[in-house]
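There are 2 protein chains.
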Amino acid sequence: MTTVLIADDQPLQRLGFRMLLESQDDMTVLTEAVNGSEAVRLTAELHPDVVLMDVRMPGLDGIEATRRIIASGDRTRVLILTTFDLDEYAYAGLRAGASGFLVKDAQPEELLAGIRAVSTGDAVVAPSLTRRLLDAYAHHLPSGTPADAPEAADPRLASLTEREREILTVMGMGWTNTEIAERLHLAESTVKTHVSRVLAKTGSRDRVQAVILAYDTKLVKP
Amino acid sequence: MTTVLIADDQPLQRLGFRMLLESQDDMTVLTEAVNGSEAVRLTAELHPDVVLMDVRMPGLDGIEATRRIIASGDRTRVLILTTFDLDEYAYAGLRAGASGFLVKDAQPEELLAGIRAVSTGDAVVAPSLTRRLLDAYAHHLPSGTPADAPEAADPRLASLTEREREILTVMGMGWTNTEIAERLHLAESTVKTHVSRVLAKTGSRDRVQAVILAYDTKLVKP
DNA sequence: GAGGGCGTAGTACCCGGGTATTACGGTGGC
DNA sequence: GCCACCGTAATACCCGGGTACTACGCCCTC
Chain A
1 MTTVLIADDQ
11 PLQRLGFRML
21 LESQDDMTVL
31 TEAVNGSEAV
41 RLTAELHPDV
51 VLMDVRMPGL
61 DGIEATRRII
71 ASGDRTRVLI
81 LTTFDLDEYA
91 YAGLRAGASG
101 FLVKDAQPEE
111 LLAGIRAVST
121 GDAVVAPSLT
131 RRLLDAYAHH
141 LPSGTPADAP
151 EAADPRLASL
161 TEREREILTV
171 MGMGWTNTEI
181 AERLHLAEST
191 VKTHVSRVLA
201 KTGSRDRVQA
211 VILAYDTKLV
221 KP
Chain G
1 MTTVLIADDQ
11 PLQRLGFRML
21 LESQDDMTVL
31 TEAVNGSEAV
41 RLTAELHPDV
51 VLMDVRMPGL
61 DGIEATRRII
71 ASGDRTRVLI
81 LTTFDLDEYA
91 YAGLRAGASG
101 FLVKDAQPEE
111 LLAGIRAVST
121 GDAVVAPSLT
131 RRLLDAYAHH
141 LPSGTPADAP
151 EAADPRLASL
161 TEREREILTV
171 MGMGWTNTEI
181 AERLHLAEST
191 VKTHVSRVLA
201 KTGSRDRVQA
211 VILAYDTKLV
221 KP
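Read top to bottom, the protein sequences are chains A and G.
The first sequence begins at 1 in UniProt numbering and counts up by one.
The second sequence begins at 1 in UniProt numbering and counts up by one.
Just so you know, the hints here were simulated from the structure itself, not pulled from any lab data.
Each hint should be verified, as a subset may be incorrect.
Simulated pairs of lysine-lysine, PhoX-like, Cα-Cα distance not exceeding 25 angstroms [what the hints assert, rightly or not]:
1. A:Lys-201 - A:Lys-218
2. A:Lys-218 - G:Lys-192
3. G:Lys-218 - G:Lys-192
4. G:Lys-218 - A:Lys-221
5. G:Lys-218 - G:Lys-201
6. A:Lys-104 - G:Lys-201
7. G:Lys-201 - A:Lys-201
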């Protein structure tokens, strides 16, 4: 039987979680907390297996509450939930020692599976965030196999021609197609052709994503 | 409709996967491959959305096949499956560019959810491995919580409300208005209102310039 | 000299982004 | 109690961005 503490300032949200968890015969909700400090206090008192922790709460927020619970040496695991998968929240939460990070609009089964996983010592991270974590850190993982390509330049830009790289650079400066055409003495239609090719080659859906890529690859420096 | 290629040397295993996937009305199995080189060749030919890749296969193994598929520049995502969650496999697979790593004894729903996640560009890692990844790397994550850091930041962002800063952040992630609306549970018209206010307050002419500002002010980190 | 990659350019079309305006409920200050 | 601000939302409208397709001249390589 997995014991759970729900920490969320919204009564309806707590109710929803409680209904879901109580419908499972291997879980029970010990109690609820309406803010971070209450969560810390009740955890120290009741030692739940898992704390479902909201990030945004009045007073002590979920991140700081997590940090204190972990620091207490208690064996309680913290699973952070947020409506919003903003990186800073997640990074901060995981740094604080949380065993997981899920978004609230996940499927109920995902949440239940997440609780079971963290209760046994495993960890879970929402897929949307996992992607960003991997993008940022995959190349820092210990190498199990040889054959590392230490990318000369970024592979995502490899297939661009010189001219296309130039176009992408000025896109990164926020120029519109019209401005690019004027300043590079081109027809706007030509600019559009270049832009389309840049998007296709870099796998960018639109201009914004291409600009982000330009920054990420340091083609344009902040 | 998500198109999938199954790469596994065991016929029974392939059959099981095919049965499961074909039972879903949003997935279809394009074809099967019995080893790594076949997987690479068929992927180049058919461009599936997702490759379900076994690690252990005769000839070219799943890791090396993954590396070649990613290196090809194809937009196909690779989801690695293995019987054991041995770290070396996982690290190597993720380094090779895989979008996910799951163990074969996962629940069918987990596998399906994983396929759907990677097909949309997200990523998934088995909980047992996530734990080890976090233990090893959590303290390397970028620091900072949004809660306590009320940005002594850039004056150009000073007049933005909390919500508007959030909107700008996700704009910086390349989300379209439609995506912002969906993921933040807002109406698109509301998103447009927010975006317009952000542009007005930051003096940005359009979305692209706002994103550049987000990078310049480190609101979004490269 | 045939072919291929590249840079240039045009046209037609669609859609998402952005503006302008209005509105309404909640909250906090005075 | 009133007002200001915020977050939410809708509507109508315009225009720039992006796609698809076609085309042509230049240069290089086989």
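Looking back at the numbered hints, which does the structure fail to meet, lowest number first? Hints 2, 6 and 7 are the ones this structure does not satisfy, whereas the remaining hints hold.
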